[in-house]
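101 is the number of the first residue of the sequence shown in the working numbering; add one for each residue after it.
It is possible that some hints are incorrect.
Here are the simulated DSS-like pairs of lysine-lysine, each with C-alpha atoms no more than 30 Å apart in a straight line [to be verified]:
no.	residue 1	residue 2
1	Lys176	Lys186
2	Lys127	Lys113
3	Lys112	Lys176
4	Lys148	Lys115
5	Lys192	Lys112
6	Lys108	Lys127
7	Lys168	Lys115
8	Lys148	Lys192
9	Lys115	Lys132
10	Lys108	Lys192
11	Lys168	Lys112
12	Lys133	Lys148
13	Lys108	Lys186
14	Lys113	Lys176
15	Lys108	Lys168
16	Lys186	Lys112
17	Lys133	Lys168
Distance windows between CB atoms, simulated [stated by the list, open to error]:
no.	residue 1	residue 2	range
18	Asn162	Leu134	14 to 20 Å
19	Tyr199	Arg173	22 to 28 Å
20	Asn143	Arg110	24 to 30 Å
21	Asp165	Pro139	27 to 33 Å
22	Asn167	Arg193	29 to 35 Å
23	Val183	Glu140	27 to 33 Å
24	Ile151	Val117	15 to 21 Å
25	Asp165	Lys132	18 to 24 Å
26	Ile164	Tyr199	24 to 30 Å
27	Val122	Ile166	19 to 25 Å
28	His120	Asp165	27 to 33 Å
29	Gln141	Gly170	29 to 35 Å
Derived from the structure by calculation, the hints contain no laboratory data.
No residue lacks a Cβ here, since even glycine has one placed at the ideal position from N, Cα and C.
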Amino acid sequence: MRKINQIKYRNKKIKVVWQHCVDCYAKYEPSKKLLTIHPEQSNLNLAKTLIHELFHIICDFNNIDINKIGEERTAKLTEQYIVIFKNNPHLKRLINELY
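With the sequences and hints as input, model every part of the structure.
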């Protein structure tokens, strides 16, 4: 499996590191623009983890409190996945490989 080392979004780069995470599958640190992913996951779980973390990144870059999101705003935010996949074909390929 190919491992990515960065994600581009809104002309910024989020660094991706693959290392053990304590008590979680991954962790996004907004202040550092850093995504740490636990490498020992099934392909299906890794795909779910990546999508989940992308949502955190989208919320961070759009200054949205993830705890206060309604259905309509969630729909608008999830459309941003298309923006990310368009700018990161390697990420799209990785997710496609996992399922």
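Is the Cα-Cα distance between Lys108 and Lys168 30 Å or less? holds (25 Å)
Would you check the hint for Lys148 and Lys115, treating anything up to 30 Å between C-alpha atoms as holding? holds (19 Å)
Quick check: does the Cβ-Cβ distance between Gln141 and Gly170 fall within 29 to 35 Å? At roughly 30 Å between Cβ atoms, Gly170 and Gln141 fall inside 29 to 35 Å, so the hint holds.
27 to 33 Å was suggested as the range; check whether the CB atoms of Val183 and Glu140 agree with it. Taking Cβ atoms as reference, Val183 and Glu140 lie about 30 Å apart, which means the hint holds.
Does the Cβ-Cβ separation between Ile151 and Val117 fall within 15 to 21 Å? Because 18 Å falls inside the window, the suggested range holds.
Checking one constraint from the list: CA of Lys133 to CA of Lys168, max 30 Å. Satisfied? holds (22 Å)
Does Lys113 lie within 30 Å of Lys127 when you go C-alpha to C-alpha? Holds, at roughly 16 Å.
Indicate whether the distance between the beta carbons of Val122 and Ile166 respects the range 19 to 25 Å. With Cβ atoms ~21 Å apart, the hint holds.
Please work out if Lys113 and Lys176 have their alpha carbons no farther apart than 30 Å. holds (22 Å)
Check the hint pairing Lys108 with Lys192 against an upper bound of 30 Å on the C-alpha distance. holds (12 Å)
Taking the CB of His120 and the CB of Asp165, does the distance hold inside 27 to 33 Å? holds (29 Å)
Hey, Lys108 versus Lys127, does the alpha-carbon distance stay inside 30 Å? holds (17 Å)
The structure agrees with every numbered hint stated previously.
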